[in-house]
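Taken in order, the sequence shown gives residues 1 to 279; the numbers are from the working numbering.
Just so you know, not all the hints are guaranteed correct.
Below 25 Å or equal to it, Euclidean Cα-Cα: the simulated SDA-like pairs (lysine to any residue) are [unchecked claim]:
no., residue 1, residue 2
1, LYS176, GLU164
2, LYS181, PHE88
3, LYS46, LEU36
4, LYS181, LEU81
5, LYS34, GLY58
6, LYS95, THR175
7, LYS95, LEU169
8, LYS56, ILE254
9, LYS95, GLN186
10, LYS10, GLY22
11, LYS46, ILE219
12, LYS46, LYS56
13, LYS34, LEU47
14, LYS34, VAL258
15, LYS46, TYR69
Hints were generated in silico from the structure; no laboratory data involved. Quantities reported herein were computed from a predicted structural model and do not represent experimental measurements.
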Amino acid sequence: MKQYEEKIFKIIMIGAALIILGLLVYIVGTIFYKGLPALTWDMIIKLPGGGFYLGKEGGVLNAIVGSLYIIIGALVISLILSVSLVMFINFYLRKNSLFTSIIRFSFDILFGVPSIVYGAFGFALMVYLGIRASLFGGILAVAMLIMPIMMRSLDEITRLLSRELPDALLSLGATKYEMIKVILRQLMPGLITAILLAVGRGIGDAATVLFTAGYTDNIPATLNQPAASLPLAIFFQLGSPVEEVQNRAYASAIILTVIILILSFSARYFSSKFSKNKI
1 MKQYEEKIFK
11 IIMIGAALII
21 LGLLVYIVGT
31 IFYKGLPALT
41 WDMIIKLPGG
51 GFYLGKEGGV
61 LNAIVGSLYI
71 IIGALVISLI
81 LSVSLVMFIN
91 FYLRKNSLFT
101 SIIRFSFDIL
111 FGVPSIVYGA
121 FGFALMVYLG
131 IRASLFGGIL
141 AVAMLIMPIM
151 MRSLDEITRL
161 LSRELPDALL
171 SLGATKYEMI
181 KVILRQLMPG
191 LITAILLAVG
201 RGIGDAATVL
211 FTAGYTDNIP
221 ATLNQPAASL
231 PLAIFFQLGS
241 PVEEVQNRAY
251 ASAIILTVII
261 LILSFSARYF
271 SSKFSKNKI
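Starting from the given sequences, assemble the full structure and let the hints guide the process.
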């Protein structure tokens with residue numbers, strides 16, 4: 001009987017793995033099949049010209065640069081706040097205090113909030129402050145979106161760290177600041193993973209930046225100017241009645257996928273560099 005149960009369980013596991021791989025191949029294959037014929041250098045290096053969404057010449061350079069501006073700015077803000085808060089609750093507060101439990105419960109709540117809610121909240125806040133849709137608004141909205149992801153991931157990784165390490169460092173005469181520096185090196189691979197999760201969520205989200213960053217055919221020169229993004233470019237292109245423009249949406253999806261892959265491989269590379277000599 002146990003042998004049959006083991007075989008059934010093995011079949012279920014293999015089936016689940018094949019389903020996941022099949023979905024991945026289908027999604028990526030569809031994107032590349034429809035997008036590669038429309039993908040040209042002009043799409044990457046040129047701004048959209050007049051009538052671009054009606055099938056005329058141009059590219060999505062504005063959306064590429066805008067997406068990078070938004071995600072880099074959001075990462076800087078969320079990384080500073082997330083690391084600071086996680087270090088505070090794990091090494092400065094009592095382990096099982098009520099305040100610590102409330103903060104962690106807040107992580108869980110914010111983690112499950114839909115992205116459109118962050119976009120709506122960011123838009124309402126911008127209206128209240130008199131700020132128009134801009135690169136700055138998009139950065140703040142995406143930072144709010146990815147911050148709970150980074151906080152929760154970092155907190156889980158930090159709690160897995162041996163409790164003997166901080167005690168050993170303090171017993172050797174290290175200050176808490178020096179202890180935090182050593183711990184951050186130990187946590188670097190996990191920190192990179194948290195960054196990858198945040199980048200994947202933030203750079204591919206359209207709802208958050210729809211009302212906060214706006215959209216423009218130009219590259220923003222200041223934080224007060226509207227900024228385009230690849231998810232919105234894909235959305236607008238798919239909404240066009242022109243088939244050629246719809247195919248460009250898949251080409252834009254290829255560009256977005258490649259950007260995420262480049263960022264992922266770069267992060268993995270630097271993570272391996274740090275992990276070779278953690279302390």
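Going through the hints against the structure:
Our distance criterion of 25 Å between C-alpha atoms is met by LYS176 and GLU164, whose separation comes to about 14 Å. For the proposed pair LYS181 and PHE88, the alpha carbon gap of about 13 Å is at most 25 Å, so the pair holds. Distance restraint check for LYS46 and LEU36: the Cα-Cα separation of roughly 17 Å lies within the 25 Å cut-off, and the hinted pair is therefore satisfied. Proposed proximity of LYS181 and LEU81 is supported: the alpha carbons are some 16 Å apart, at most 25 Å.
For the hint linking LYS34 to GLY58, the alpha-carbon distance of about 18 Å falls within 25 Å, and the restraint holds. Distance hint between LYS95 and THR175 is fulfilled; the C-alpha atoms sit about 19 Å from each other, no more than 25 Å. Between LYS95 and LEU169, the direct Cα distance comes to roughly 18 Å. Compliance with the 25 Å bound is thereby established for this hinted pair. A distance of roughly 20 Å separates the Cα atoms of LYS56 and ILE254; the hinted pair therefore holds under the 25 Å criterion.
Only pairs whose Cα atoms come within 25 Å are accepted, and LYS95 paired with GLN186 is accepted, the gap being roughly 20 Å. The suggested pairing of LYS10 with GLY22 holds, with an alpha-carbon distance near 18 Å, which does not exceed 25 Å. Taken as a hint, the LYS46 and ILE219 pair is honoured in the structure, with Cα atoms around 11 Å apart against an allowance of 25 Å. For a cut-off of 25 Å, the pair hint linking LYS46 to LYS56 stands: about 12 Å separates their Cα positions.
Between LYS34 and LEU47 the CA atoms are separated by roughly 22 Å; this keeps the pair inside 25 Å, and the hint holds. Restraint check for LYS34 and VAL258: satisfied, since their Cα atoms lie roughly 16 Å apart, inside the 25 Å limit. The suggested pairing of LYS46 with TYR69 holds, with an alpha-carbon distance near 17 Å, which does not exceed 25 Å.
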